[in-house]
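Colleague: Position chain B against the provided structure of chain A, taking the given hints into account.
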Amino acid sequence: MSLLEIENLSLDIGGTPILKDVDLSLGAGEVMGLVGESGSGKSITALSVMRLLPEDARVSGRISFGGIDILAASEDRMNALRGDDIGMVFQEPMTALNPLKTIGEQVAEGIRWHTRANRADADAQARRMLDRVGLPAQKFPLTRYPHELSGGQRQRVVIAIACALKPKLLIADEPTTAVDVVLQAQILELLRDLVNENRMGLLLISHDLAVVTEMADRITILRGGEVMEAGETATTLSAQLHPYTRQLAQASMHVPERRKRHPFSPLEGRMSPKETEGGVSGGTASTLPAAISPSEAHRPPLLTVQNIAKDYPGRRTSLLRKPAPVRAVDNVSFSLGEGHSVALVGRSGCGKSTLARMILALEEPTSGTIAFRGETITGRDQTSLRSARRDMQVVFQDPYGSFNPRRTVEWLVAEPLHLLDGKPGRAERRELVSQALHEVGLKPSDMQKYPHEFSGGQRQRISIARAIITRPKLVVADEPVSALDVSIRAQVLDLFAGLNDRLGVAYLFITHDLTVAKAITDEVMVMDEGRIVETGRTAEVLTHPRSEAARALVEAAPDLHRAIAKRMQEQG
Amino acid sequence: MISFLLRRLGSGLLTLAVASVVVFAVLEILPGDPARLMLGLNATEDAVQALRVEMGLDQGFLVRYFHWIGGLLSLDFGRSYTYSVPVLDLITERAAVSLPLALISLALSTAIAIPVGVFAAARRGRTADTFAMAASQFGVAVPNFWFALLLVYVFAVWLRLVPAGGFPGWHAGLWPALKALILPAVALALPQAAILARVTRSALVEVLGEDFIRTARAKGLPQKTVLWRHALRNAMLPVLTILGLQFAFLLAGTIIIENVFYLPGLGRLIFQAINQRDLIVVESVVMLLVATIIVINLLVDLSYAIVDPRLRVRA
Chain A
33 MSLLEIENLS LDIGGTPILK DVDLSLGAGE VMGLVGESGS GKSITALSVM RLLPEDARVS
93 GRISFGGIDI LAASEDRMNA LRGDDIGMVF QEPMTALNPL KTIGEQVAEG IRWHTRANRA
153 DADAQARRML DRVGLPAQKF PLTRYPHELS GGQRQRVVIA IACALKPKLL IADEPTTAVD
213 VVLQAQILEL LRDLVNENRM GLLLISHDLA VVTEMADRIT ILRGGEVMEA GETATTLSAQ
273 LHPYTRQLAQ ASMHVPERRK RHPFSPLEGR MSPKETEGGV SGGTASTLPA AISPSEAHRP
333 PLLTVQNIAK DYPGRRTSLL RKPAPVRAVD NVSFSLGEGH SVALVGRSGC GKSTLARMIL
393 ALEEPTSGTI AFRGETITGR DQTSLRSARR DMQVVFQDPY GSFNPRRTVE WLVAEPLHLL
453 DGKPGRAERR ELVSQALHEV GLKPSDMQKY PHEFSGGQRQ RISIARAIIT RPKLVVADEP
513 VSALDVSIRA QVLDLFAGLN DRLGVAYLFI THDLTVAKAI TDEVMVMDEG RIVETGRTAE
573 VLTHPRSEAA RALVEAAPDL HRAIAKRMQE QG
Chain B
5 MISFLLRRLG SGLLTLAVAS VVVFAVLEIL PGDPARLMLG LNATEDAVQA LRVEMGLDQG
65 FLVRYFHWIG GLLSLDFGRS YTYSVPVLDL ITERAAVSLP LALISLALST AIAIPVGVFA
125 AARRGRTADT FAMAASQFGV AVPNFWFALL LVYVFAVWLR LVPAGGFPGW HAGLWPALKA
185 LILPAVALAL PQAAILARVT RSALVEVLGE DFIRTARAKG LPQKTVLWRH ALRNAMLPVL
245 TILGLQFAFL LAGTIIIENV FYLPGLGRLI FQAINQRDLI VVESVVMLLV ATIIVINLLV
305 DLSYAIVDPR LRVRA
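These protein sequence lines map, in sequence, to chains A and B. Per this note's numbering, residue 33 is the first one in the first sequence, and the count goes up by one each step. Per this note's numbering, residue 5 is the first one in the second sequence, and the count goes up by one each step.
Hints in this document: simulated from the structure, not taken from any laboratory. Think of the CB as a built atom: it goes at the ideal place given N, C-alpha and C, for glycine as much as any other residue. Each statement offered as a hint is correct.
DEER-style ranges, computed between Cβ atoms: (1) A:Glu-87 with B:Phe-142: 25 to 33 Å; (2) A:Pro-437 with B:Ala-132: 30 to 38 Å; (3) B:Ala-132 with A:Asp-413: 55 to 63 Å; (4) B:Leu-154 with A:Glu-485: 46 to 54 Å; (5) B:Arg-316 with A:Glu-580: 34 to 42 Å; (6) A:Lys-52 with B:Leu-306: 48 to 56 Å; (7) A:Pro-357 with B:Phe-142: 51 to 59 Å; (8) A:Asp-413 with B:Phe-8: 26 to 34 Å.
Coverage of chain A stretches by chain B, computed from C-beta distances (three or more under 8 Å per stretch; other residues unrestricted): (9) 111-118; (10) 124-130; (11) 142-152; (12) 183-197.
Next up, chain A with everything else stripped away, as it sits in the complex (with noise of 0.2 Å):
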């Protein structure tokens, strides 16, 4: 008999349907991947299973774990459940852990909770489940606090607290989402360890195929809350027999085409004499075909960055002495050239969001200089900045947070024409905005709406319109991709290809995803501990990484063909 198994479970919230006839079934020491877009019903099913839902669900079909009817079960019942024989991992490591409370404390409670230890056997308890998950005593006691852990180790608190009891059945919901590929990698195969030494049933819900391919024995898929293909992980996403299961697969390997990849690098890696001998530069231009025409090679570069480097003080640890300040960026120097796409890849933390706000005049370097068009940028005052700031303009991550609720979207994309030398009146403001939104593909009817009227898509190409209303030389995009659907990401990235086709926008892609990297940029530089160690055209340096850093981030990251392809091989 299955752990557990999910049969004809249906849902809805407030009267919208969620869920409809989900079929699931999972066994010891299985690993079942729940894969589907935002919006899909993932979670909604991991929170039947625990019974979590919001008070005005309602539920029908049946759950059944271990022989319990879970949809059924008293609460009592279902508390001694959770914690103890189902455990749960959330998407969000940063904020999953209550901040007020020790993370020993938070370990051990569950433990104390269901066992009735009394505090020093839980103690011991949660210690030792602490090591197992890689937070050793020495580094971090149980007297840490959330807030002074990054979000990979608390992501392994998570994993410490819904493991600390060995359940049967562990559900993660979207576990590694909010990290970096290399902390990915090491978190998969810490869930991977556990589902081996206790025979743990794992249900891993993510968005990401290639995750779930290197991990589940089986998939599900859903969409709109319905499954729509289950079966063996490699011998599904091989023959991709159902058409959404093709999608699925196209959207996350997807290349925008584009027209004119520049065949040559004017991305010169020049890194200052120490650091020399530790990085690697693939791309000099010696080496590079010397297709640079007469005109393009005299022209100045775009962007040019000469030996910056950012200080953030530190953390003060006596009342006398000054704090040593913290590097955030270390003697970075680099030159972009007009129209080019580059990529700057690295870790989290590794300084890539520090470069680009100093970049983007957001912030003072502390040393070295920056200039945009040949004009100096740095250490200038607001003013004098404007015809730099028009030229150049920004992309965030999170498209839900980076727009006033409350304004039009025509507000909101002609908020750069301020920068402009004459003032748009009322009608050419219209027309710019209309351009606009009809250059990423909205219309110019939906220039009345307001933010919370579109998906998450969508506001990403509000935002991109945003940008590019100034005609900008420079968009630098940080992570723009990552907090989007696969499909709705092949979609953004096309239109980011398109724009640098059609408008010759130059970009500086800031990412940790190398599949974006590789889908749109030309050049890449990798950047760790505030260096920039590898440069070079992006097919190389993702293909034959020199640096240990690009080596790792490279090694790291899922690649739904490789993970295919080695699935296929373990089952002959």
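Modeller: Same frame as chain A, but now just chain B:
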């Protein structure tokens, strides 16, 4: 943490200094000559002038200001013009009524508000919540002296459980003294409790939507345990902020309530002192209130750090 405290203390002292200038200057501008008021309308100009010299009122603004400040720092608050006793004695005597009154009503309002807030938040959207919030809306809207009159009518006039006003003094024994303070404390506490209950409820409702609440539920803790163990402490920051602000309102509220109940407290003292142009008393009491509020705010800041470990490091 220590540097944070020193900074806060420094800004507190600065506030105090600014307040002292403002208080002194404002009372200087107000019409009414204390010497003339003390001697009555029939006094001769010479007599008034003599008294002005005696009281030091003939000297310049700055001289008198620094004289006053120097006195405050050495705990010599001067003599009241009307009572002819040291202001310090007057204040200590009156504070023995007002301070217990404020503390009792603060304790009362917290004791009422937090359970009501938790109760409503746990049943958010249901009838009990709607009812509790409607009641608190009423409490917020109705002024405390109206409550005072209502309480006097019910408990003093009708049920005759407690005196309708006056204060027998602490020397009359703990119980009679407390009995005289109960009604005023309740009258002061109810509107405060109503505000605090609403704040507690909304802070809790917000916290209950947080991810870590779901984590706690996924551990197998029942809803109620999660509410008390995980949600309440996280909801305490806004509650503490309001609590600190309310203390200032409580002190201001005593002016009205003490007059309604004929209590010889600071509020009544300041009221009378203003009427009689007893400037030195007004100045001293106002400065005392300002100092109290600064101390309370410092305590609130400290309690933030106790509640929230994140503030310990950042500070």
